[in-house]
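Visitor: So you can see what is in the structure, the chains are spelled out below.
Number of protein chains: 2
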Amino acid sequence: MADVVAKERKILVAIDEGEESAYALSWCLKNIVLENSKDTLVLLYAKPPRAVYTALDGTGYLFSSDIMATMDRYSNEVAECVIEKAKKLCRELNDVKVDMRIEHGDPRDVICQMAEKLGVDMVVMGSHGYGAIKRAFLGSVSNHCAQNVKCPVLIVKTPKSAAVNK
Amino acid sequence: MADVVAKERKILVAIDEGEESAYALSWCLKNIVLENSKDTLVLLYAKPPRAVYTALDGTGYLFSSDIMATMDRYSNEVAECVIEKAKKLCRELNDVKVDMRIEHGDPRDVICQMAEKLGVDMVVMGSHGYGAIKRAFLGSVSNHCAQNVKCPVLIVKTPKSAAVNK
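Just so you know, the protein sequences line up as chains A and B, in that order.
Under the UniProt record's numbering, the letters of the first sequence match residues 1 to 166, in that order.
Under the UniProt record's numbering, the letters of the second sequence match residues 1 to 166, in that order.
Just so you know, the hints here were simulated from the structure itself, not pulled from any lab data.
Incorrect hints may have been included.
Identical chains blur together in the list; that is why a pair holds if it fits in one copy or across any two.
[What the hints assert, rightly or not] When the alpha-carbon atoms are kept at most 27 Å apart in a straight line, the in silico DSSO-like pairs for lysine-lysine are as follows:
#1 Lys47 with Lys7
#2 Lys10 with Lys38
#3 Lys160 with Lys7
#4 Lys88 with Lys7
Looking at chain A on its own, in the form it has when it is part of the complex (with noise of 0.2 Å):
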């Protein structure tokens, strides 16, 4: 498989405004990519619209509005910070190229259909991502992505102790 012998890896790399994808992007530049290597890693970031939270279940009631415009607030500030946190991440730890992507959506679809989409040889993540509060709604992201990415999946989990920018 090409994926298996490829000498330029495209890494997929999912990031989100928790401390545990910040801790997997780290573990990744420190583990995973090659220090002068034609590695491309792939930063996505992907917004979860509302429809995400209104159309899970039959729990929809739960959200009101209040809610609602408390977490799209939430989402749309951490964003650009997410972003230049994750590359400043790359730029301390490794000069590997970087490909940024923003895509709304369910995390657990977006991060599929790109992993897919891209061809990327192996997908990184936190071991559940998009923080406490939307987990609630979303479930695990990793434990889906794991299931339905076609190609290798790296869940990182934060150890208790660590220092995600150390």
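For this one, chain A is given, so just place chain B on it according to the hints.
Guide: What follows is chain B alone, placed relative to chain A:
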């Protein structure tokens, strides 16, 4: 964290009689283990005891002694074959230091316990593991380990068209 900056990594690869674990091992040898590195590959083969099957749940009555005996024979017969196949892959693909481990118990528990006990930096495994028959009783080993192993877990699916030994 030590596992982030360590130069001498210990990578646990869960192997079984399934092609998925053989592919996972080969993918790991080609994409994760650095050539001429000080990485140590721990090949872990878990042999689930009979108790695993009978103690699962109320469906125990489904397993006749014939089926149990057949599964036990099958398990014992393939063990040596699996280990030799794995060692052969390592010799062929990468001159990495290999540490062979055979443990008895529910593969899900054995993999999580050994990862912890050996303090490995990473666990690599096929997306299911333990074959169609055992998987029906054990459930997905990779799902369980991805959720319970503390270190990063790489889940490798076998592409439909992949030839494991190429």
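Visitor: With 27 Å as the alpha-carbon cut-off, assign the pair Lys88 and Lys7 to within, between, both or neither.
Guide: both (25 Å within a copy, 23 Å between copies)
Visitor: At most 27 Å between alpha carbons: which applies to Lys47 and Lys7, within, between, both or neither?
Guide: Neither way: Lys47 and Lys7 sit 31 Å apart in one copy and 36 Å across, limit 27 Å.
Visitor: Indicate which option fits the pair Lys160, Lys7 if close means a Cα-Cα distance not exceeding 27 Å: within, between, both or neither.
Guide: between (34 Å within a copy, 22 Å between copies)
Visitor: Please work out whether the CA atoms of Lys10 and Lys38 approach to 27 Å or closer within one copy, between two copies, in both situations, or in neither?
Guide: both (9 Å within a copy, 25 Å between copies)
Violated hints amount to a single one, hint 1; each of the other numbered hints is respected by the structure.
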